[in-house]
Each structure stands twice: as C-alpha cells, then as structure tokens.
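**Student:** Kindly produce the complete structure, drawing on both the sequences and the hints.
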Amino acid sequence: MSAPQPLVMEATAPKQDERPSVLAWWEQQLTLALEMNRKDIAADYTYRKAAYDKSVGNNDEASQLYAQSESLWRESGSEAEPPWQADAPIAGGSAEIELYASGITPLASRPPAKFEPSSGVYLGILGADRRVAFDFSKVESVYGRKHAMYLAYVGWRKYQTDTDSYFPIRNAQRAKELGASLQIGWEPRYGLEDVQDDEYVRRFAREAKASGIPVFLRYASEMNGAWVPWHGDPQQYVEKFRLIHDIMKEEAPNVAMVWSPNFLPADSLDDYYPGDEYVDWVGFSLYATPYAMEKLDLTTNQIDYFRPLYDKYAHKPIMISEGAVSHYHLKTGTDFAKWGEGQIGNMYGFLPRMFPQIKAITYFNFSKQRAAQTGMEHVYDLGENPLMDHLYQRLIQSDYYLGTMDEGNRRPSSAEDSTYSKIGELPAGLPGKRKLFAYIKLQDGRQPVFVTYTQNDKMVASSYEIPWEIDIDLSGLDPKIPLKITAYSGKMEKMAESDIPFQSTMTRQ
1 MSAPQPLVME ATAPKQDERP SVLAWWEQQL TLALEMNRKD IAADYTYRKA
51 AYDKSVGNND EASQLYAQSE SLWRESGSEA EPPWQADAPI AGGSAEIELY
101 ASGITPLASR PPAKFEPSSG VYLGILGADR RVAFDFSKVE SVYGRKHAMY
151 LAYVGWRKYQ TDTDSYFPIR NAQRAKELGA SLQIGWEPRY GLEDVQDDEY
201 VRRFAREAKA SGIPVFLRYA SEMNGAWVPW HGDPQQYVEK FRLIHDIMKE
251 EAPNVAMVWS PNFLPADSLD DYYPGDEYVD WVGFSLYATP YAMEKLDLTT
301 NQIDYFRPLY DKYAHKPIMI SEGAVSHYHL KTGTDFAKWG EGQIGNMYGF
351 LPRMFPQIKA ITYFNFSKQR AAQTGMEHVY DLGENPLMDH LYQRLIQSDY
401 YLGTMDEGNR RPSSAEDSTY SKIGELPAGL PGKRKLFAYI KLQDGRQPVF
451 VTYTQNDKMV ASSYEIPWEI DIDLSGLDPK IPLKITAYSG KMEKMAESDI
501 PFQSTMTRQ
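Counting with UniProt numbering, you get residues 1 to 509 for the letters of the sequence shown.
Check each hint, because a few of them may be wrong.
[Said to hold, decoys possible] Straight-line Cα separation of at most 27 Å, DSS-like style, residue types lysine-lysine; simulated pairs:
#1 K316 <-> K114
#2 K114 <-> K249
#3 K114 <-> K312
In case anyone wonders, no lab produced these hints; they're calculated from the structure.
Keep in mind it's a predicted model, so treat the numbers as computed, not measured.
**Tutor:** So, in structure tokens, the structure goes:
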C-alpha cells in the first residue's frame, strides 16, 4: 500500500437536502452522547462530521471539528484508541475489496423450507442483556424495531413450574403476542443415552404444537465442540437427531428442526450431519472476538470463518442461530469498542448480503454482569458499547430485515434487488439502475469512514456508511475504463483502492 494521500474534491459542498442521511444520524448520536456525558462517543461522531466536511471541501469547518473531537477525547479520559488512530492506514497492511451487485445472477430456485421467508432476513435476539432482561416486550422500545425471533434455552427434562410444562410456554406466549417465533436451544445435558422416545419428549412436542407459533428447535447444538456432553459420537448423535425429528414431525408440525454446529472446529461437521430429509434449517454459532485461542487477532472476522461453511450448506436456508461481537475482554480488561463497531457492520451490513441463503440472524445479547458471573472472557452486550448499539439500531432499520414472521411472506418490489452477486467484472451495457456495495476488509479490522466510486478521476457515487452501498446505472459509464473503489480514513487518507474492469463482451456473468 502506498503512503496515505489526501482526498482532493473538485465539487462544491452539497446543498442541505443533498447531504447524506447518515450525517443527520451522526448529529443525533452526538447530541445523545453529550446528554449522557459520554465525551468519548461525542468525540467519535464529531470526528466523522469533520471527515464529511473535509470530503466535500469544507476545510475550515473540518479543521474546527477535528480540534473539537480531540478536545472531547482528552476530556473523556478514555484509555481506548482515539478514532483518528483507530482508522489510520497501516503502511504495508493487508487490504481486500470485493464488489457485489444486485440483479446479476438470480438464486437457484428450490422449494421453500418450513417458515423460510420469501425474501429478507428474520431479526432474532437473546434478551439476556441488562436493558431487556429477558422481557421480550421491551425489545422494540430498546432497539427501535420488533424482532421476529426470540431465543430461549431449555435444559433437558427441566420442568417449568410456573406453567406446569416442559416446553417454555410463557416465552411462547410473549412471542405470539409480538408476532414472533421462538428459537429453542434444547440441550440434552445428561448426554445422548438419555434421549429416548419417552413421555418427556412426547409431552414437550405436544406442548410445542399447542403454543401455536413457529418454533425453531435447535436441538443439541454445537455438537462439534468438546465442551458439550453430546459431542464425541457422531453416529449416535445422528441417530438421536433423527429420532427427535420424527417425533416432532408426528406430534408438532409447527416445529422446524435446526441443525446448528459451532463455527469452530469445522473439520468434523459432515460426520454429525443427519441428512437433508431430517434438517429444515442449518444454523451456526458465529462469533467475532478480539482474542482467539488466547491470541490477539483483530483481522480475522466472521465472514472469513463463514465462507467455507456457507459453500458446504447453502442448499438449505441458513440462520446465524447464535452470534455476537465481543467489545470488551474481561480477562485483560481491554476495551475494543471501535473494533466491535466494525464487526457489527460486518455481521449486519455485509453477512446476509454476501451470503443470500442466510435467512435469520439471532444476536446473543448477554450482559457484562452475567458474563463475569459465568466465567466468560468476552462481553457481547450491545448496550455496554454505544457505538455498536447505535450501528445495530441503524442497520436493522433496513427493509432487508424482518421484524415479524408475517413480514417473511412478502415479496420485494423487485426480486432482483434482494439478491447480490460477487462480481470480478462489471457487466457492460446492463440497463437500469443497480445496487452495488463494496466489502472492504482492512488490517486489524479497521474501517473506512468514506468510500468513493470513480471513473476517469470523476466521482460516480460515494457512501459514508457500511455497507458502502450505492445506486448506479451501469449503462451510463464508459465500458473502456474501470470503476475505481477507494476507501478513506476520517482524515481523508487513502486506506485501500481497487479497479473493477468491465467485461470484454456484453454478455452477463
């Protein structure tokens, strides 16, 4: 990578109604941060505003805002990395840029699976954070959006005394009131030998049917990990999974069976797979943590881990049945707030767009207090990191995400617009507007503030927020000149750049 270069814009500052919508959102978060006396957060949003002004040539205003950002940061006393260091280009650092376009290659058609949405991605959450505190009804007020799936864990043979049941009836009632489904982590804690076709399992199934809601049964998940008592005998695991499937098929047609390994280790997954006829959905536990195997690793992300898994199981609808981003490491007392924000962008801005068979994402929202009490190393609670919390709330406002199960039955105004394909070349002459976005991966998980799309040194489009999406009419571009994608830091230093050529013929990929 070459030395950082400043961005030089020829255009004058845009009019008020031409300013990007994210700018008003930054200003709103800045106001809230100051009201909460979170000067570190206020410094971050002030820095972004400075970046915007610098990008459009308002250099005097930008200088004032950069100074304000530095002043706020000093006053905050934060020991974390300030925003102008967190996105500073690393000389010789690695960089990847991939371009995705809508409506280029349609998804292969297949019959929909049980409860599979016709388009979009179900929003799911575990409400074990300090704000929701297991009360599903609070989710909309906390996050500004209903969620279509709520996660609950049920221990094997655990009796629910308040409802005289084995099935979590109270959770199901709350989900039903909210137009949601229930994802149940059903864990055979006494081992697979105790899993039998008996009255306990049959009663659980009948109670599931009586709930009257869609139930995603994540039976004996993370079976590929040695930390669970149902690990170690793939043949017996497959036998028991098929048994549970058959009982649910007979007793509870509203139950979808979810086969859900952990994302690591991935070498033995096939041995545990029960077979397509026994699996409605494939799920994965998928986490982003700054420490992996006791080693600091800020570059590898969820997308890196997920690619080979997706390639193997994309013939089924896929859910991230349990996933989260760590922003604080309890063992070392280290804050990774800014890094965590970028990983949330990967998880909700990129993941389902890059991998269109992902049809649901459930965030494992677990409070810092509970993490400490249970001996966990990582803190995942969105509410403990305002930067992650704010970005999560903004990203899930997209129509791409579904807040109720009924929304899953809709069709988009344009089915093509809901499907993105990775392209190494631009299809020349393709009529009409298309959506493009650039997946940009930088060293140590750094994120740009500004991304431009230019041709022959002239601005075609730009974006100030993940997933760096633009609307573009490709037929209006010169097919002899590549489209250049450039990522900039908040100081308008070049972080990465890539040229995307046009196809040599007019045929689609």
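**Student:** Hinted pair, alpha-carbon criterion (27 Å max): K114, K312. Please report holds or violated.
**Tutor:** 20 Å, holds
**Student:** Do the alpha carbons of K316 and K114 lie within 27 Å of each other, as the hint requires?
**Tutor:** 11 Å, holds
**Student:** Between K114 and K249, is the straight-line Cα distance small enough, at 27 Å or below?
**Tutor:** Roughly 12 Å between the alpha carbons, so the hint for K114 and K249 holds.
When each numbered hint is compared with the structure, no violation occurs for any of them.
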